[in-house]
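One letter stands for each residue in the lines below.
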Amino acid sequence: MKAQRKIDVYALTWRLPIILWQLLFFVGPVVFMIVISFFVVKNYRMTEAFEFVNWERMLTRGYFWDSYWYTLFIASLSATIAMIVAFPASWALAFRASETQRRWAVFLLIIPFFTSYLVRTFSWYVILAESGVLNAILGYVGLGPFKMLNTHFGTIIGYLTLTLPLAVILQTITMANIDKTLIEAARNLGCKPLATIWRVVLPLSKTGFIVAALFCFILAFGDFVAPFYLGGSQEPTLPILILDTTKSGQQWPRAAVVAIMMMATLFTIAFTAIVLAYRKPKGTNA
Amino acid sequence: MKVRGSNVALGLYVALIFTFVFAPIVFSLVFSFNSQRFPTIPLGEFSTEWYVKIFNDEDVWKAVRNSVIVSTSTAVLATVLGFCTAYTDFRYNFRFKGPYLALILLPPTIPLIIMALAMLAWLSRIGMSGQLWSIILAHSVLTAPFAMAIIRLRLHQMDPDLEAAAWNLGGTEWQAMRHVIVPFCAPAIVSALCLTAAVSFDEFAVAWFVSGLNKTVPIVILEIVQGNIDPTVNAIGTFVFLTSMTLVILAQLIFISRQIKSHS
Amino acid sequence: MTAPLVTFQNVQKWFGDFVAVRDMTLDIHEGEFLAIMGSSGCGKTTTLRMLAGLETPTAGEIRIGGRLMNDVKPHDRDTPLVWQSLALFPYLTARENVEFGLKMRGVSPNERKTRALDWLDRMQISEFAERNVATLSGGQKQRVALARSLVMEPQMLLLDEPLSALDANLVIRMQGVLIQLQKELGITFVYVTHSQSEAFAMADRVVIMSQGDIAQIGAPKDIYRAPANRFVAEFVGRNNILSGKVTDIGAKGVEISAQQGTFVAANPNRPLSAGQSVSFTVSADLVSLSTEEPKTKNKAQATLISEEFIGSIVTVFLEGAAGQDYKVQMQERALAALDLVPGRDVWLSWDIENANILESDL
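Protein chains in written order, with this note's numbering: chain A, 1 to 286; chain B, 1001 to 1264; chain C, 2001 to 2362.
Certain hints may be false.
What the hints assert, rightly or not - Heads up, incomplete: computed chain A residues facing chain B, CB under 7 Å, no partners named:
no.: 1; residue: Arg15
no.: 2; residue: Gln22
no.: 3; residue: Gly28
no.: 4; residue: Val30
no.: 5; residue: Ile111
no.: 6; residue: Gly222
no.: 7; residue: Thr246
To be verified - Ranges between beta-carbon positions, derived for each pair:
no.: 8; chain 1: C; residue 1: Gly2237; chain 2: A; residue 2: Phe107; range: 50 to 56 Å
no.: 9; chain 1: B; residue 1: Trp1061; chain 2: A; residue 2: Val9; range: 41 to 47 Å
no.: 10; chain 1: C; residue 1: Gly2031; chain 2: B; residue 2: Thr1072; range: 56 to 62 Å
no.: 11; chain 1: B; residue 1: Leu1106; chain 2: A; residue 2: Thr13; range: 21 to 27 Å
no.: 12; chain 1: C; residue 1: Ala2219; chain 2: A; residue 2: Asp179; range: 48 to 54 Å
no.: 13; chain 1: B; residue 1: Trp1061; chain 2: A; residue 2: Asp8; range: 47 to 53 Å
no.: 14; chain 1: A; residue 1: Val27; chain 2: C; residue 2: Ala2168; range: 57 to 63 Å
no.: 15; chain 1: B; residue 1: Thr1072; chain 2: A; residue 2: Arg57; range: 25 to 31 Å
In short, the hints are calculated from the structure, not lab data. The structure displayed is predicted, hence computed values, not measured ones. Where is the CB? At the ideal position from N, CA and C, for every residue including glycine.
Pulled out of the complex, with its shape left as it was, chain A reads as follows:
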């Protein structure tokens, strides 16, 4: 004799809102975007259809693939640079700074995430310009002027604005959680500082580092501001392609194709990275 299961109004009150809301305004949009990639545009109007014309159009064009590989390359490059540039700072914060200093550093580095990326990018625009602040300073020591805007360098500076704070935060937290006695033990056994980093610290913080790199990559991969304003969009990245296709050509279905390709790429990379991050090192199957 089992008690009849009554509807728990209280539980559903808290559980249902997000389900309904996200179905309507998150799952709905994403699924619909996939759907419209099969629609056709006639006379600047989108009409329902089920055709592969947009897919064919985009995936057979050289400019799409140029843009695809360029985006992949520049996003990976900037993620790598962010990870490398961040490392010494994270090292210092994790191992040399006091608990309080570290907390303050993380606190400060969180602030940029919630402040206008657009304004920061514009600020870089002024700093990096031909007759801008940086070239003026370099001029005093007899260097330059260098062309920094509308170059890959500009794009990467923009990406770093977005990713560097995150890389430092994640690396610092990861390394601060390493058992310090392991490092002391390594040093004690005659391990040189660099070898200690390579043999002890990096293997122990693998998961955190891969996740950090992944986040840096995702941020750069999806950003259109840096390549547009600082990189001059001479080589359009995929986000710029989406922007142009949507805003100027009314070609939402084609933009959807680009967006889906981006998402597929991101999920593949994220999945691979997470598998790598959580895979146990060889010889520890216990």
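Fit chains B and C to the known structure of chain A by using the hints.
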């Protein structure tokens, strides 16, 4: 000594990183009071010209009004949604809880430009695009995970017996919610309101796509930047920075101070 | 005798595959101080939580005052609980904490305040009424938690290891407070603890639980002097347990042949037959030590291993034939008179009526 030398070097390096991170913010502030149209070093004279200009610009005022409406509505909506989900995660175990949590936590991992396109297409389809509240709908999806995370963290600090203690003393589940869960989460709720407001206040990609003619402050900035070098951006930017930083610092201070209190 | 206040009828509680309470049948009487004791995971807290309605029994019936309670929600019960964690509302003052239950029941603000202040006064912490509970000491919090439950004027108070966070001196003080309160109020206390000293010091009856089962129910003295089984004998501690076979059953007692000798134990209230395996216990404080062989029937020889002093009471640990451990408790003065040396053989002896045959060997 060797270690001290390396400490100094590392300290300088950390300073360099912070300089890089905060340089654009500081320069924007400095340029906003600089008379030059195209700022460089040496700086021009001190001037409030750009502030006067935006102060007299009706479009800017309209955008500010829109931004305030959007970010406050978004904050309330996202915090309510985040609270419901955080509480459900805290209190209940059920089948498909993983997908349930993924539903709220996934949106921030999808690039904004993709969300923007998807939102634009979908909201136009169901006749909801081009309005101020189109931005609110979209932003609530994007910011609810932040609210959820903050409130979940706070619930994690709660003695799990506390809610049961309220039932035990004769409170219904609803009363326990009203008199225990909500008051306990109050600091996190305020933090969540501040943070989601800050995120919404700065978000431009999705807002730009779905807003139609209703410009928010970031959209105005985007449009000015697209035109040409115009130092009014620095003045607006400084205003935007001050707003979001105030919100973020407030959020962190409220949350951290509570954490310290609850540990002592 | 009046009907019991609470009855558990074949109550079971399963968490998935784990059995927390196996098959509990138990009466709790009005006005008694009942302690439920056991080590962690024995089901004692689950039992208490089922009483409060925080867990629903998987099978069986729980009745309070004759009413079937299985599906009654916690807030519809009159079973306030003093939590192990105290579960005070950290954002409220002491007074607001005490008022909480009254507020939930819709008592007017003025009456709430009066009753809360009365109770805080009674618990001698009225001076802290307007202080945030987070700023109070452990003992003060404890009193707030008690006041918060008792202000509800319940028929029965549930206590879940309420003293476990306090230091030893404070525990003794609070035990006194609890005993006094229970006498004055005349209500039922159901007190869950892992501490034998707390249970035995306060309770009228003690329920000892082991792995979801009741191992023994009885007055503290009975459990102490006559443990029902090996588990209780060992759990209660300070018991010597010997095993052997019944050789003779007479009017004076049961003769048991063990590896350590032949002993006579008091007649149990169950039938025994010759040749049956039995165990019996002798409390450590009822064993005498001597250097000369005693004249009594119940005696054994053993070697001194070590001594443990707690105040003026000494526990002497010895080892006898076939690796048998013995414990003897005595006054420090009496031990000094014996002049024992480690390694030296001594004699233990005890009276027949102090040798208690266990009801079951488990």
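Legend entry - Violations among the numbered hints: 15
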